[in-house]
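From just these sequences and the hints, can you work out the full model?
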Amino acid sequence: MTRLKRLGLALLGLVVFLALWEAMPRLGLVNPALVPGPSSLPRAFWKELISGQWSEAVLGSLGHYAVGLVVGIGLGAILGILTGMYLTIEALLAGVVRVLRPVPGLAWVPFAIIWFGVSPAAAVFIIAVGVFWIVFFAAFGAVRSVDRDLIELANAFGFRSGWARLVKVILPAATPGILVGVRTALGQAWMSVVAAEIFGVAGLGQRMMQASSLLASDIVVVYMLTMAALYGLVDIAFLGLSGWLTRWKA
Amino acid sequence: MAHQMEGLIRLDGLALAFEREGTRTEVLRDLDLTIERGEFLALVGPSGVGKSTILRVIAGLAKPSAGGIRIAPRADGTPSSVAMVFQDARLLPWRRVIDNVAFGLEKLRLTQSARRARARQMLDLVRLEALAERYPHELSGGQRQRVSLARALAVDPDVLLMDEPFSALDPVTRHTLQDELVRIRAATAKTVLFVTHDIDEAVYLADRAILLSGSPARIADDRRIALPHPRLRDHHALVAATEHIHRRFAGESYADGDGV
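So the protein sequences, as listed, match chains A and B. According to our numbering, the first sequence is numbered sequentially starting from 861. According to our numbering, the second sequence is numbered sequentially starting from 29.
The set of hints was computed from the structure by calculation and includes no laboratory data. Keep in mind the model is a prediction, meaning the values are calculated, not measured. All the pointers check out, no bait thrown in.
The following label-pair restraints were derived from C-beta to C-beta distances:
| no. | chain 1 | residue 1 | chain 2 | residue 2 | range |
| --- | --- | --- | --- | --- | --- |
| 1 | A | Val875 | B | Arg148 | 52 to 62 Å |
| 2 | A | Gly1100 | B | Glu157 | 27 to 37 Å |
| 3 | A | Glu950 | B | Gln140 | 34 to 44 Å |
| 4 | A | Ala1097 | B | Ala45 | 52 to 62 Å |
| 5 | B | Arg155 | A | Val963 | 52 to 62 Å |
| 6 | A | Val963 | B | Pro101 | 53 to 63 Å |
| 7 | A | Lys1109 | B | Pro107 | 34 to 44 Å |
| 8 | A | Thr1106 | B | Thr216 | 34 to 44 Å |
| 9 | B | Pro107 | A | Glu950 | 28 to 38 Å |
Computed list of lysine to aspartate or glutamate pairs in EDC-like fashion (alpha-carbon distance at most 16 Å, straight line):
| no. | chain 1 | residue 1 | chain 2 | residue 2 |
| --- | --- | --- | --- | --- |
| 10 | A | Lys1109 | B | Glu161 |
| 11 | B | Lys91 | B | Glu47 |
| 12 | B | Lys91 | B | Asp58 |
| 13 | B | Lys91 | B | Asp40 |
| 14 | B | Lys135 | B | Asp184 |
| 15 | B | Lys91 | B | Glu54 |
| 16 | A | Lys1109 | B | Glu166 |
| 17 | B | Lys91 | A | Glu1012 |
C-beta: ideal position from N, C-alpha, C; glycine also.
This is the structure in structure tokens:
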């Protein structure tokens, strides 16, 4: 199948989907108040946009998202790499990891609220916890599977300290593996953003819940699509970045 | 010079054993060997006899279980350096060719431009200057091994350790690289310790070939090959030396000649 044909079929599928969606409320198959047709969305979006609530919600969510990611990825990568490099640290953390790892990220919500209240810090905390484990295990696995021969090479050329080994061999060799984890984390974190905000932290999720309680279902859909679009953009940007970071790969 | 009299590298009663699943395997026991400065010495022997282990000990990658290794310092008193060429080229896939060659130089106090200049010089020496900006996965096996050789030469080592560097190459490329090594060695006058299981290769390249056999390994033959370079591969003296080592290896007793 040519690229053009694939693109055409994808567009066709999308058009059929939108047409069915539009037809359902118009034909009276469902209550338009419960399932707003796509044609009602631009107006709803415009209303949110000029009231400034859309951009405020987007900026709020992206703020939590970015800070939560940085904290979670940073801690996860650092600890994952250290655990991968040093058997002592791995042994030391083995028990703690066993206890904490199975706790779902959202199970931290009660503590997030107790410690931080319903605040951006609580959202950041919940996001960071989810991201942490994904990146931790990705980094640990990536470091463990670094080609031993390359580490021996570093030794043979006199790079014997932990730091020299890390910078010269381990980090570059582990980067593709860590990036796979980070990409998974980007999706996971986006879920955590919405979850944290549904509990009341200001942002897309909170605005969506407000609209839902007012039965403004068109606005709910606007935010759902906003989330999809933002995630899509983040993923594309990330693929660009990781492609550049691993440009040396065959 | 006193240093030269004692040899550049001296292995004294070297022993190495490792333990795996409760069984102790002795790779080397009580091995004595002296390598002179400027010598091209080939260690020949069957796979697994411990040739590579000797290189690894000299490179500091393996610890002997007994005995000593002494590398004489340079005339100015600073310690001598060694550099290794591995059987697989072992290039860092995320670095361009030139940065792979500069790898060992990052240990020295040099500016980036000085490192690059030196790396370019080395690429010139191995005739790969045109591929400086390529990534390793874009190179052929022979080209990779040239990069690996350039990387080792870049740090200007006192001893070049080569661990079956050409054994994974096709025969034509192998011959080309052998000739390249002869040319480069003539240009740099390096001391070379070359491990191979190919007796023809050892005899073609080396000034002295040492045959290791048995377990633990012992020196079964130590021959000088006093033929000047460049050599003809089918020179009768090389053929005779090859034959001699083959027979030694096969366990035949043979009247000891004084080499060729």
